[in-house]
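J.: Residues per chain are reported as follows:
2 protein chains.
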Amino acid sequence: MTHASSRPEARAPRGFADRRGRDLIAERRLVTRVSAVYERWGFEPLDTGAFEYADALGKFLPDADRPNEGVFALQDDPDEAGNGEWMALRYDLTAPLARFAAQNWETLPKPFRRYAFGPVWRNEKPGPGRFREFVQCDADTVGSDRPEADAEIIAMACEGLQAAGLAPDQAVMRVSNRKLFDGLFEAGGIEDAGQRLTALRAIDKYDRLGWEGVAALLGEGRLDESGDYTKGAQLPSPVIARIQALLATATVERFSREEVLRALSNLGGLGAAGAAALAELAAIDRALGAMKVGQDAVRFDPTIVRGLEYYTGAVFEAELLLETTDEKGRAVRFGSIGGGGRYDDLVARFTGERLPATGFSFGVSRLASALRAAGRGAADAVRGPVVVIVFSEADMQHYLDAVAELRGAGIAAELYLGRAGMKAQMKYADRRGAPAAVILGGDEIAAGQVTIKDLHAGRALAAGIADNEAWKAERPGQLTVSRGELVAVVRRIADAPHTDA
Amino acid sequence: MTHASSRPEARAPRGFADRRGRDLIAERRLVTRVSAVYERWGFEPLDTGAFEYADALGKFLPDADRPNEGVFALQDDPDEAGNGEWMALRYDLTAPLARFAAQNWETLPKPFRRYAFGPVWRNEKPGPGRFREFVQCDADTVGSDRPEADAEIIAMACEGLQAAGLAPDQAVMRVSNRKLFDGLFEAGGIEDAGQRLTALRAIDKYDRLGWEGVAALLGEGRLDESGDYTKGAQLPSPVIARIQALLATATVERFSREEVLRALSNLGGLGAAGAAALAELAAIDRALGAMKVGQDAVRFDPTIVRGLEYYTGAVFEAELLLETTDEKGRAVRFGSIGGGGRYDDLVARFTGERLPATGFSFGVSRLASALRAAGRGAADAVRGPVVVIVFSEADMQHYLDAVAELRGAGIAAELYLGRAGMKAQMKYADRRGAPAAVILGGDEIAAGQVTIKDLHAGRALAAGIADNEAWKAERPGQLTVSRGELVAVVRRIADAPHTDA
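These protein sequence lines map, in sequence, to chains V and D.
Letter by letter, the first sequence follows residues 1 to 501 of the working numbering.
Letter by letter, the second sequence follows residues 1 to 501 of the working numbering.
Bear in mind the hints are in silico, worked out from the structure with no lab data behind them.
Possibly wrong hints are sitting among the right ones.
A pair holds if it fits inside one copy or across any two, identical chains being indistinguishable in the list.
Claimed, not checked - Straight-line distance between alpha carbons at most 20 Å, and here's what the computed EDC-like set of lysine to aspartate or glutamate pairs gives: (1) K453 / E85; (2) K205 / E469; (3) K453 / E309; (4) K427 / E106; (5) K125 / D77.
Chain V on its own, in the form it takes in the complex:
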């Protein structure tokens, strides 16, 4: 222990997580399954770099109260002309897509469908369960103004969630259209873009705060439980009343998409923008019907507005339909597991020409949590490799042969490569989640035999889960067989159902 003071502390930066083993495997499997759906729907993969120039990235994050506006930014080293431009790590996958589409529009197939997954970074204050890096998975169509493009994204997202493991009745996609509010604001004389955005972000909290909380944020402002005061959108009360009526069109859950459309139509007073919203939603409904997407899977719900500034039309949000419990055991709604919408102006930032676009995005870790909450993670339990125990340097060839045989049969297997004794090796096999340990002691080798420990059965026996004689006779925990039976016996053990999951 020398130079203790000059040694760095081994710790990950605040808000950055290490992920490993079965959690990571489950998340990767999720991404693989969703990717397969997206490719089957004709979406091609795209990977852009982690950095974008700051001006290309734009400022669309809802919480821009941090230095650098919530992104990780740095100034590039000077180029030949001596200029060092500001770059920032992407905070989502949509802004880089807009840049890519603008840059390559001439040569892309049009419309351009792409999906992408990868880390995004938010320079937010880290906290428990709140990370500054997380993996998103997005699918977008650029260059189609057809409502069928929105419907396709919505239907594909539903299929993706099911491919990831959610049962059809465990999630619902709620859909609305920002133009409903454009029409309402216009009719109410609300012209200021900032005021409109503040109002939309207040409505976005409907799920969490209910109408009273939203009404306060639409008006003067709101004092929350922690004593923090948030200034409101300062809307006049007739406009707030109109918003209440609009949101109320979907409060009765039994409304079909068609019924919500009729209620919105009866409401009236939403102007030309509102009429456009209704026509788009009607076309989305028709396309969803043609794609056999049921009323339970996709609902129309005007409380959905989404927090990001850039949405211009249809907006959608996938919600987990399960009550789960928080760390204090209280029942909580899991809430949103993904969302998206139409953003027709994002590419125009670069080109000056409007390029319609629509997409859906979800956080991979969040969906994985949702799957666990929905009880859909257990079936995917991941097992460790079979561990071959090491006794003597002289018998290394025998151990290596056994490992190679198992791998050759497609069974994950490894040789213990530490220098500890039998007991520590069994503990190691247990930590690895090994289904079995393979023992080739001098006696076994001399007799042309091998001893195989069924570690799952061993754990079940130890835990008293399986203490009846019949069970023990069937899975005795340990057996010595002829060396030629190694693969067959290990496979039978590895394929047996877990009793200790």
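Knowing the structure of chain V, use the given hints to seat chain D on it.
T.: Structure of chain D alone, referenced to chain V:
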């Protein structure tokens, strides 16, 4: 076209690439196949964050001539105590592993085998084909000092390269041990660590510069073709002569691993460190033999030293055995496609206690290039989705049904969602690499039929590749069949061999 001056230019930051379509699919497939091998060998996946604290990351890059020492660094926002620590994006996957292992050693299975893949960042001067972000794939064993752990990494890396698509005779793994040079330097009175490192980095260029160039860099220095002068390691000439003799032990390609060991042993004068190197290499040879890894797959070669500072023992480098041509058509050796070695001191930076470790790393894009150079990419040709053509809003239901049927049969398919006419839609299908276009015009729908264009056959016909009558009778380019035959006919076309690849 308004506010042109305020519009950002759509361009990716210098040295950052967009990757899409079949290149990206090929790279992902490569990673998936290698990962499957690594998991079968008992290596578990690990994902660490993009950032590490700068002190944890350390400074081990060979080219530290840039500001920030070749990394992308930024100062974190102040924490509660008002301190903002410096963080940097990881430049490899080894330094984060060392940090992770030191942080979690108590609870990890020991030895700890992990594999990882993901982007790494180098703040280098970007140039053609030289990127500042690229994906690496690593496998490492931490906590085993056994030469079998090195042999396992080497054998597994060979299997991984083959799983990725290389034939056994297309690559070779060259293996040596840094301790050979430790012994040589010690015997020659070279004590200075910086001088030793400069010498090792000179030897690392043997492949590219040959002995004359290396000798200059070991001595006074070297003037390269561009006129740049590089100061040498200033070694005395007897030491340089010893190095020449050491490197010469492997210049005859027919030497087996055992023959190289014998030549090294006969050389003598490598002290205690050299003897340790020979014992480790002999144990690696025995383990490779036990694992049936042939003399052609893994060779011992003292010219292998690797450029990174942290290696302490065995070092290895995978080389593509193909002459390829550069952009000017000249024959060039492709060279290294990955490497690694033993680094027993990296974790001790944190804990003060030595923790032996060994691993192998390759760049995913570089290996994908090697596969293309080796002619092993074509078999993986990726096809686009089948495109269903859109004529009339009124028939949308028919188009959507056809797309859903194809997808339901596992065939990637999409509806054209732009607003252009038939000709533009066919061009679109071509750009998408679609095997077929599905045409449901009013006549087809009325007659209960569907027209299917075989786009590959069409391209072959257009190119005159297939102009004989028998071929045209078999693949006529376009055929109208009963609507019920849609899936069967499309599948036959999509599964037919490419003639235009």
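J.: Which earlier hints turn out false for this structure, listed by number in ascending order?
T.: 1, 2 and 3
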